[in-house]
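Asks: Sequence:
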Amino acid sequence: MTRSEGSRYADLTREDLAVLVPELLLTGQLIDRSGMAWCISEFGREEMLQIAIEEWAAASPIYTRRMQHALGYAPAAPGQGDVVTIFKGLQLDIGAPPQFMDFRYTVHDSRHGEFHLDHCGALMDVEPMGPDYVKGMCHDIEDPTFDATAIASHPRAQVRPIHRPPRSADQMAADRRPHCAWTVIIDDSYPEAQGIPALAVNEQSRAATLHLEPIDPGDEGSSDYSGPLVSDLDFTAFSRSALVRIADEVCLQMHLLDRAFALALEKRCADEAQLVRIRRQQLTGAAGVGALRIARALGISPDEAGARRLLALHPLLNPAAYVAADLGPGDAPVVVRRSPAHEDGAWVSLCGPSWTGALAAIVQALDPHLDVAVEAVGDDAWSVDVVRRDKPAPEAQEVTVTKFSSGVEFAFRPRTSLPITPV
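Take the sequence shown: its position 396, counted from the start at 1, is 396 in our numbering, and no numbers get skipped.
Please note that the accuracy of each hint is not assured.
[Said to hold, decoys possible] For each label pair, taking beta carbons as the anchor points, the in silico distance ranges come out as: (1) Gly130 <-> His163: 17 to 25 Å; (2) His369 <-> Val423: 52 to 60 Å; (3) Asp271 <-> Pro329: 55 to 63 Å; (4) Glu395 <-> Arg45: 19 to 27 Å; (5) Pro197 <-> Asp271: 19 to 27 Å; (6) Asp303 <-> Gln171: 41 to 49 Å; (7) Ala237 <-> His163: 30 to 38 Å; (8) Thr400 <-> Val423: 42 to 50 Å; (9) Arg338 <-> Asp175: 44 to 52 Å; (10) Asp175 <-> Val387: 27 to 35 Å; (11) Asp390 <-> Thr209: 45 to 53 Å.
In short, the hints are calculated from the structure, not lab data. Cβ atoms here follow ideal geometry from the backbone N, Cα and C, with glycine treated the same way.
Please model the complete structure; the sequences and the hints are all you need to start from.
Replies: Next up, the structure:
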C-alpha cells in the first residue's frame with residue numbers, strides 16, 4: 001500500500017474540523033453538478049445517465065469499505081454486513097451529504113430497514129429541468145447505484161423504492177414530503193450483486209490502496225463509529241484525530257469518483273483532447289464552488305494569505321499522502337511534486353503551468369482580483385504563487401454553470417444526534 005505522509009488537516013482545531021467535514025461531503029456531491037452538465041452538452045442526456053451510473057458504481061464500493069475500516073464498523077467478515085452497516089456508510093458518503101440529502105433511517109432488524117428523504121437537494125436541482133431528468137436521476141441512476149453501494153456491505157442487499165419522484169404538479173406545489181422512501185432488505189435468496197468491470201480497474205488505483213494514518217484512540221472524543229446507528233452524525237463528538245482521518249477519506253472519495261468518471265469518459269471521447277477538456281471543465285466548476293463553501297464555513301480571509309490557506313485545505317491538493325505539495329512558510333509558493341495522484345491521473349495531473357483554470361477558480365472564490373502564477377520547477381514539479389491583479393477576473397463559466405445547484409447556498413443547521421433502535 002502507498003504509505004501515509006501525515007495530513008494537511010492536522011493543524012486545524014477540532015471545532016474547525018467538525019465544520020469542515022460536512023462541507024467536504026457536500027463538495028463531493030457537487031462534483032456531478034459540474035461534470036454531468038458538460039456530459040449532456042457533449043453526449044446527450046441518455047449517455048450522461050450511463051456515465052453517471054458507471055462513475056458511482058466504480059467508486060462507491062471502494063470508498064465505502066475504506067470508511068468502514070477507518071471508523072471501526074466494518075463487518076467481521078467481508079461482505080457480511082447488516083442494514084446498520086449500510087446506513088452508517090450512507091451517512092459518510094459524498095453521495096448523501098448530511099441534511100442536503102436528508103436521509104431518515106428505520107431499522108426493523110439486522111436484515112430489514114427503510115429510509116426516506118425528508119429533503120433531497122439533488123431533486124431540487126433537477127426538478128426544474130423536467131420529469132425526464134427527474135426519472136433519469138431517481139430511477140435510471142439510483143436503481144443500479146444503490147445496489148452497487150450495498151456491495152461493500154452485503155452483496156445480497158437490495159434497495160427498492162416505496163415511492164419516489166417524479167412528483168405531480170400538485171405534489172410539487174404542495175412540496176410533498178418525504179421526497180422518496182425505500183426499503184433495504186438482505187436476503188440469501190437474492191442474486192449476488194456484481195461489480196461493473198470499471199470497479200475492478202478502479203480497485204487497482206493508488207487512491208484505492210492508499211494508507212492513511214490510523215486514528216489515535218487516546219484522543220479526546222469518539223475515535224470510531226462502532227456504537228449504535230444515530231439519526232444524525234454529530235461531528236463535534238468525534239475526536240480531532242478521527243475528524244482528520246474522515247476529512248482525508250472524504251477527499252479520497254472525490255478522487256475515486258473522478259477516476260471512475262475518467263474511465264467512463266475514456267470509452268466515449270473521440271480523443272485525448274476531448275477527454276482532458278471535459279475533465280478540466282468538471283474540475284473547474286467543482287473546485288470553484290467547493291472553495292466558496294469551505295472559505296465561507298471557516299471564515300478564511302479574502303487575501304493572499306487566505307488564498308494560500310484555502311489551496312492547502314482544498315480537496316484538489318488532499319490528502320497529503322496522495323498529492324505531494326510542499327507548503328512553505330509565510331508567502332512562499334506552494335510546490336507540487338509528482339505523487340500517487342499523478343500515477344492515477346487525478347485532478348492535480350490536469351493542472352500545471354500549461355493550465356491554471358482550477359487553481360485560479362479556487363483563489364477567486366475569495367476575491368476575483370486574486371490569481372495564480374504557476375511556474376515549472378525542474379522536470380516533475382511546479383510552483384503556485386498567489387498574486388493580486390488590478391482588474392477582477394470574470395467568474396469562470398464552469399463555476400457559473402455549477403452554481404445552479406441549491407447546494408452552493410445550502411446552510412447546515414445544528415441537530416440532536418439520537419440513537420436508532422430496531423422497531
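Asks: List, from low to high, the hint numbers that the structure doesn't satisfy.
Replies: 3 and 10
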